[in-house]
Amino acid sequence: MKKVGLDTIQRMLREQGYISERGIAMSIYLSMKLEKPLLVEGPAGVGKTEIAKVMARALDTQLIRLQCYEGLDSTDALYEWNYQHQLLYLKMNTESGVSKDELERSIFSERFLLKRPILKAITREAPPVLLIDEVDRADEEFESFLLEVLSDWQVTIPEIGTIEATSRPFIVLTGNRTRELSEALRRRCLYLWIDYPGYEKELAIVRAKVPEIDQRLSEQICIFMDALRQMKLEKTPGVAETLDWARALAGMHLDHLDKQTVEDTLGVVLKDWQDMRHTKDALSELLEKTGVQSRIG
Amino acid sequence: MDVLLSYQTSLSANVVLLCRYLRKNGFNLSSTEEAEALRALTLLPVDSELLFKEALSAVLCKNRHQQSRFDELYTEFWDQLERAANSKVKDVQQRKNNKSEAQKKQEQFEALKKWLNLSPASEEKEVAAYSDLEVLGKKHFNELSEEELRLMFRLIERLARRLAHRESRLRKPAKRYRNLDIKRTIRYNMRRGGDIEKLQFSQRKQKRLKLVLLCDVSKSMDLYSRFFVHLIYAFQNAYDRIETFVFSTALHRVTEILDNNPPGEAFGIISERVPHWSGGTTIGSCLNRFSEDYGYSLLDKKTIVLILSDGWDTGHPELMRTAMRRIYKASKKVIWLNPMAGSPHFSPEVTGLKAALPYIDVMASAHNLESLRKVMRELGKRRSNAPAIKFPQD
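Residue numbers (this note's numbering), protein chains in the order written: chain D, 1 to 297; chain A, 1001 to 1394.
If you are wondering where the hints come from, they were derived from the structure by calculation, not from laboratory data.
Any given hint could be a false lead.
What the hints assert, rightly or not - Dumping the calculated BS3-like pairs for lysine-lysine here, alpha-carbon to alpha-carbon at most 30 Å:
{"no.": "1", "chain 1": "A", "residue 1": "1333", "chain 2": "D", "residue 2": "235"}
{"no.": "2", "chain 1": "D", "residue 1": "120", "chain 2": "D", "residue 2": "36"}
{"no.": "3", "chain 1": "D", "residue 1": "201", "chain 2": "D", "residue 2": "33"}
{"no.": "4", "chain 1": "A", "residue 1": "1301", "chain 2": "D", "residue 2": "232"}
{"no.": "5", "chain 1": "A", "residue 1": "1332", "chain 2": "D", "residue 2": "232"}
{"no.": "6", "chain 1": "D", "residue 1": "280", "chain 2": "D", "residue 2": "201"}
{"no.": "7", "chain 1": "A", "residue 1": "1354", "chain 2": "D", "residue 2": "271"}
{"no.": "8", "chain 1": "A", "residue 1": "1354", "chain 2": "D", "residue 2": "235"}
{"no.": "9", "chain 1": "D", "residue 1": "235", "chain 2": "A", "residue 2": "1329"}
{"no.": "10", "chain 1": "D", "residue 1": "201", "chain 2": "D", "residue 2": "53"}
{"no.": "11", "chain 1": "D", "residue 1": "115", "chain 2": "A", "residue 2": "1172"}
{"no.": "12", "chain 1": "A", "residue 1": "1183", "chain 2": "D", "residue 2": "120"}
{"no.": "13", "chain 1": "D", "residue 1": "280", "chain 2": "A", "residue 2": "1354"}
{"no.": "14", "chain 1": "D", "residue 1": "120", "chain 2": "A", "residue 2": "1172"}
For reference, chain D alone in the conformation it holds in the complex:
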């Protein structure tokens, strides 16, 4: 693996189009060096998942993703036997005179083992990036199971034995705070909170990701989004929404915002009808803010 320093990470993040504060690079760097998982929390759409993707690209390794959901258990996360395949194999070989022991050994071999993300990640030769997405959606039982794997770095399969990790993946856990994560998990991780970006940072992100956008339009979009986030909405739009919107408007070859366009395209940004209604009511006021400030800027 490449030697990676703090400034390399910062440079790589920038090259990958990930605009970040200094703290983010530091957290990534330390989690790699100290070999601790990185727990990233923050509101939806601020680029939590993106961190893992950028890390994988920057390190030039594979990204293995485990999406968590309620009811996720070890057969989805770790391994499972390929039962159908095993049955077929047995049927095919019962006539051929292979001894029973031989047969048993061959059914419970790696050939019939379906590796799920976690097992896949720790048995790679080069350490990959393992992204455990929205870990707070999984049940608490899964959390403790995860802790076990993360501290022992081995997986025991009754039929085969213990599989030792050949590599320690870089682990990124993300969470939306839908559930408070256990203290034990927190302690094993480095913690990073990412908030909505400020105006300057968001502008930089928009320009990096949507380079074809008009300068004035991008400024107006970011001011508008900033003002929008000040309102008390059900679902506050994240950076992902800003980018969608910027792309949409840039695709329409606009160079500034006006009331009609905003009204027509608001569905790109807001995903809740109540928010939609509130925003439409307050639209003139919001736009006034946007217009006035952009003239000064």
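Starting from the known structure of chain D, fit chain A onto it as the hints suggest.
Frame of chain D; chain A shown alone:
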């Protein structure tokens, strides 16, 4: 790690001191974190203070709250250290802390003594006759005698306990022949040669529901609050995870008080601690407070929110509406127990309550046991898509 800990430069000593300082301010740090912080520092160039601080923040903070407080504490710490300059300060500080600790203990002791004198522990009698309970079912809570009340509470406790267990989507092996588990069946028989000899079954895992209780203790609820506190107790005993809040003009978390004290005493303690007990109500702002401060960590789709209040709100109805909407969206179910709903002349005309109505799954009177039982039945059911507002009448 051992090597690192053994060579103590003044820097590493200071880092350890910083950890100690953070610990005093509620950071949960063990020697592992200290060692890790020191290790992190060896990975960095020594000349940048900003990097130094960032690295420490990355290693030592374990949640959002800590991350936002770190900067302030960090500055405070170095300020103090600078002012101290000599080693004396540490001693002084420690002495100060000891003193405050002793004071605290004394206070706690005094308080304890006071409570004990005020309400001597009541011993509950064992009275159990099911027929009695049936008669109790229809009696209004206001008309109950002391003895009957006690019976009532035991019944409530039983109901609450039955509700505490629900089924989860995760499955576990079962002995009973109900649902065939194909995966496990094949796997089991595979070990024994491949012919299906024995079937394996599974059943759903039990899942515990979580409960958040929000209890109105304002003047208008005075008559009922005694009963409600007992109701809270019944739930508290039956559920593992239950959070209790009381509110009138402000919101107070009382989970711990209820956990650590017997029923008779807890009631007194809460009314002592909570100012404005039996004062006016601003339900809207209290609920808002709740959803802002605790919503994230307490509410999820396994949580039932139980609000005990008459809905007399002196605040703005809009506030009520937004708060209720937020709570409704984040929870499994919102149940509003309203003692006034038991009177035949009741209709939800109170403006605050009107605003909240669309976000209530079940609105029920809680004036007698019969009605409570109905509520209990509703607790477990799934929320239908359109919020159905029901008034279980007897």
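Please flag the earlier hints that this structure goes against, numbers listed from lowest up. Nothing - there is no hint that the structure violates, so all of them hold.
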